[in-house]
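Numbering (the working numbering), first residue to last: 22 to 338.
By construction, these hints were calculated from the structure, which means they are not laboratory data.
No experiment lies behind these values; they were computed from the predicted model shown.
Be aware that a few hints might be false.
EDC-like, lysine to aspartate or glutamate: derived pairs with alpha carbons at most 20 Å apart [claimed, not checked]:
| id | residue 1 | residue 2 |
| --- | --- | --- |
| 1 | 306 | 316 |
| 2 | 29 | 216 |
| 3 | 152 | 48 |
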Amino acid sequence: MATNMAGKTKIEFFYDIFSPYTWFAFEVLIRYKKHWNMDLELKPFLLAALSKSTGTTAPMLVPNKALYMSKDLIRCAQYFNVPLKLIEDPAELILVKGSLIPNRFLIATSLLYPQHLESLSHALWMAVWNKDTDFTQPEILTAAGLESGMSMQEIERALQHLTHQETKDLLRLHTQQALDYNAFGSPSIVAHVGEEPMLFFGSDRFPILAQEIDGVAVVCKAGVTRSASLACVALMTHPDLHLTLRAAFLTIQQVRPIVRPNHGFFAQLIKYEVELQGKASVEMKESPYEGSNGELIPDIYLEQLRHQVGHLHFISI
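Given the sequences, and given the hints that come with them, work out the whole structure.
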């Protein structure tokens, strides 16, 4: 396993900023970055050049895939809690605008101001896949830079670097590195575990990636399901952590927003915490909502649940 001095597993994330599915993968990796013991390297590359070398076709240019994606992207956006919206003319984005300029902007920023690369990547995805703006234009790049926390001086210098040989060379290098790993699309995630690097493609391989790097993946959205319960147990029993159930649950929420708790699993976790640590950090309390018939829910989630279903009437208990 390839690790740095801090013992973190090296993860390379090869991405083209115009790919919507790559946005999902990016946001998930950023969420997990502080919970998994990994050294995440963001590497913008040019998908068009990769596709030319591998002979692949953009999914949006295949009629049936395009129809599927128009629905699937919305489902995925809701699942991953990413504010993606369908754009008016994806074919123009692929065939006319391309992503060379915004990817060079990312590369230039990584060379000059690497501390802004993560936030700028997010801002550029917002520019194209939320606001449907032309991210090849200087004013859109400037707006994204400002949103990411860059100063006007930093933005202007990065824009000047778009045509510098150093910027061009690094973008080519990232693309070639992805090819050397046998990548064929975006996102391509390379985990340096075992004897050889492991390539993962797409935004739906995180449970498997977690398995390989000894991380805990919380893939549920609608409550504390069995997988999330196991994640709580893992954090509570980890030899270096020994978190309380409350702390474990809050940690999981930071990675994967949870809409509604599964009360049965939570009750079992509370009993387990008492056996494990001698006391409970979470209590089951009567629901304050009309029609709940005295249902018990975890106190840790009451306030959040009130915000989510604020249109319901409250009663005093």
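Numbered hints the structure breaks, given as an ascending list = Those not satisfied: there are none.
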